[in-house]
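Visitor: Here's the letter readout for the chains.
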Amino acid sequence: MIEFHLDARSGVAPYMQLIQQVRHAMRLGLLKEGDKLPTVKDVVARVAINPNTVLKAYRELEYEGLVQPRPGLGTFVTRTLGGEAEVAAHEPLRRDLEGWLAKARDAGLGDESIEALFANTFRRFSAARAGRRG
Amino acid sequence: MTSAVVTEGLTKRYGRRPALSDCTLDIPAGHVVGLVGPNGAGKSTLLQIVCGLLRPTAGRVTVLGGDPVSGSPRVGFVAQDTPVYAGFTVADHLRLGAHLNPAWDDALARERVDRLGLDPAQKAGKLSGGQRAQLALTVAIAKRPDLLLLDEPVAALDPLARREFLQGLMEYVAESGTSVVMSSHLVADLERVCDYLVVLVRSRVRVTGEVEELLATHHRITGARLDPATLGGGRQVVHARHTDVQSTLVVRSSAPIDDPAFTVDGIDLEDLVLAYMSEAAEGGRDRVLEKQR
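Listed in order, the protein sequences are those of chains A and B. Under the UniProt record's numbering, the residue at position 65 of the first sequence is numbered 65, and the numbers go up by one with no gaps. Under the UniProt record's numbering, the residue at position 98 of the second sequence is numbered 98, and the numbers go up by one with no gaps.
Calculated from the structure, these hints are not laboratory results. Note that this is a predicted model, so its numbers are computed, not measured.
Computed from the model, here is a short list of chain A residues facing chain B with C-beta under 7 Å:
no. : residue
1   : V40
2   : K41
3   : A45
4   : N52
Pair by pair, the computed Cβ-Cβ distance ranges are:
no. : chain 1 : residue 1 : chain 2 : residue 2 : range
5   : A       : K36       : B       : T57       : 51 to 59 Å
6   : B       : P73       : A       : F118      : 56 to 64 Å
7   : A       : L97       : B       : S128      : 51 to 59 Å
8   : B       : G266      : A       : D106      : 28 to 36 Å
9   : A       : K32       : B       : L160      : 28 to 36 Å
10  : B       : V264      : A       : E91       : 29 to 37 Å
11  : A       : F125      : B       : G30       : 31 to 39 Å
Computed, partial: chain A to chain B, Cβ under 7 Å:
no. : residue
12  : A8
13  : V44
14  : A48
15  : I49
16  : N50
17  : P51
Where a beta carbon is used, it is the ideal one built from N, C-alpha and C, also for glycine.
Full structure from sequences and hints, please.
Guide: See the structure below:
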């Protein structure tokens, strides 16, 4: 069983923090297929957050196909993340990114400009994806 | 969805001074509602009207579908400074609660007292602030109310006691689905526990709605100095600050703002509340929110 925590200053929405912590625990192998997530009541009693926040996070994880609620029993992990396939994908992606970074440097961008451009593009990309799904 | 509290043009005056002016709200049931605003904004007055302790000067109020009734078993109320009877023991408080409330859940009350480590024989006057608040909350929720009203329940508590109080409250909400309206000026706490917000400033409702919806529709815009009037339709400027070259606006807009002339960022609940309150703060008399985490 994992325990959640909340960073009030991170600027990341509380439900998203819970989702990230589940995904993170799955990648690290702390949560495997068949493991149970804490009940909503247990989470709110520990983290002092609104129950709907936990429900929303669990719904989102279910939508992503990572967990499955079983009525009366709880919410269970349905996959094991961070398998070899994902790790194998890292290397070519890293090479692409390094190529992009080299191009940005050649164009005269400094560290802050590169970070801002990446963060901004990533946000737009994620927002567009989220919009398409919703 | 049914409503927990509906008000229409609700007004309360003390002599000539308005404590609540033309307050119109529709608070859906099943939420944890944060009632926020500077001291003297009318938060306590609104809560006391809802629980039937005060009569409005004008306007209408409906609580759980009926008129507010003082001492209603369906409404739990914890007044400011979490009042307990200093000369009564913890056990006396539970006995009194059982005596006064037909739906009293004695098992719940005892289980909570036990878990909190309160000595039933202890006089309430000897408890710490955090323990007194927990006892007052226990008495309020053992009534098994449909609506729980809390007036600044954690304002006087240290951070640990505050966290423990909110943990207990959220656990009960998760289990019971009770509607909660709690006033506070500690927005960081509200951001964790509330999913619905009412901002009162100078006796008036400034903004109200689901937290998620409010966060999704409020944006901080920074860019070269601009006239807020030129921003275009469907965009309400909540707050604007200008230097000689730059403007920083907090804008409410349901449509995304996609203009290369500005940097558009999200906004957290604390900044959102402060934007609505800052007009009052600039007026000088009201105290600003405490920024406390």
